[in-house]
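Chemist: Quick mapping for you: the protein sequence lines, in order, are chains H and S. Note that this note's numbering gives residue 1380 to position 33 of the first sequence, counting from 1, and the numbers run on in steps of one. Note that this note's numbering gives residue 64 to position 55 of the second sequence, counting from 1, and the numbers run on in steps of one.
None of these hints come from the bench; they were simulated from the model. There could be a bad hint or two in this list.
Unchecked claim - Simulated restraints, written as ranges between beta carbons of each label pair:
1. Gly1410(H) x Ala145(S): 34 to 42 Å
2. Gln1574(H) x Pro12(S): 56 to 64 Å
3. Leu121(S) x Arg1423(H): 26 to 34 Å
We put the CB at the ideal spot given by N, CA and C, even for glycine.
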Amino acid sequence: MVVEVENLTKRFNEFVAVRDVSFAIARGEMVGLLGPNGAGKTTTIHMLLGLIKPSSGAVRIFGLPFAAHREEILVRANFSAPYVAFPNRLTVFENLAVFARLYNIRQRKQKIDELLDLLGIMELKHRPISRLSSGENTRVGLCKALMNDPELLLLDEPTAYLDPQAAFKVKEVLLELRRSRDITILYTSHNMAEVEELCDRIIFLRRGGIIASGTPIEVTQAILQEQREQPALAEAFMHAARDPSDEAA
Amino acid sequence: MKPHRIAAVVVRHGYEARRNLDRITDAIYWPIMDIVVWGFLAIYLARGGQMKPGLVSLLLGAAILWGMFRAFQRDMAVGFLAELWTRNLVNLFSTPLTVAEYITGLIIVNLLKALIGMTAAALIAWFCYSYNIFPALLGLAPFIFNLMAFAIAVGAIITGLIFRYSTRIQGLTWSLTGLLMPLSCVFYPVKALPRFLRPPAQLLPTTQSFEGMRQALSGGGFSHQDFAWGLALNAIYLIGAILFFRTMFESARARGLLVKIE
């Protein structure tokens, strides 16, 4: 298993952001982490990266306990999210060059050019980050995330702010990476159609806990509690988000 | 610690210095302005015959070294603040980069910037006021070392406090040296302080460094006592600052502030 999470819990004083979450992801799998806002998706990803210290539970990545092997793990993993940014006075190339050094990439210029070409933003190479649109920033973030040819990619809403054409390009890139390199991806999104299209398996969180997991059709059936022929994650999402137990709670 | 990751931090702040006028201003403009002002004062006092011989060198030497200390301390915290202002902290610490590597990179960058600032100030003092500090630098090096070590400790404490209390206390980055200055006896000896302020002043490595500097510049030779006392104090402050910083960083991780701090 590439990712093994056991009984992961995160409390912020009285508030439980993630409650007793356990799951595993095999090599080459693309798993969607879904749930309404505040469900604990981003907190879970941040704990997998060591940015937030779990209150309890264990995280093993590439078979190694995270706490004791942070550096070894992060050399082989990467992350992207639209809510993080880059120093905005630096150009796209300068920012990516810093991350290329952090990952000890030998042919830095060549690698950066390859990634800019892959994400279709070569023309932005010498533009300061401050002059990019949100969608362009997201794509620069994805270039950074692919810098070290990661075996594990944690993507928190990677297509947020992207227009349909750019989102399509990103999805194509992810599918190609998976096909050619057997890369493992944990993916959060609020775009249910995209998740249905891309992910083999889904972990659905609500109020910090897993309420369903499995293939898109299994998750649809588990949440809607009825047989369906086709996945209907958007409907399942709406159903889970307005679950009467929420109001009771 | 991996050299390539330390180099990445150096390069990141190097790019920032090249692109951000504020960083250039901080590194060169203020040290030069300090020297210009202190130089005019020294000339005015010298013309009026109100100054002891050698006092010009003490004033200008102190202004140069204090400028270096202030810039180094400030830039240690500003370097970290720059990551917060640009929301880059999550990007950096989701890579294998460690806190120790980040701080080491920051120390290297800020040492270079402080040296550039000091050189600019020293050249102005030389060309405009005929005061050449360069021959004395070797004798002053141990005291400069102590000043830099204390600047790292102060910078680490301020950064740790920012982890704990967020950027609402970032003003300390620029103001704390103002608080330290009167007690550090930059331009006057310790004995010029009121009696009750002398013990706290003696507990600052900056005080020991400026006492040592005055002795060296006035031809009294190298003060082993001032250097050793400053070094011992720095050892205590540095260990304390590192422990404090680590505690605050781990506390920020536990409280989820590393990804939210603004």
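Chemist: Next, verify each hint and record whether it holds.
Modeler: Verification of the supplied hints:
no. : hint                               : result
1   : Gly1410(H) x Ala145(S): 34 to 42 Å : 59 Å, violated
2   : Gln1574(H) x Pro12(S): 56 to 64 Å  : 60 Å, holds
3   : Leu121(S) x Arg1423(H): 26 to 34 Å : 33 Å, holds
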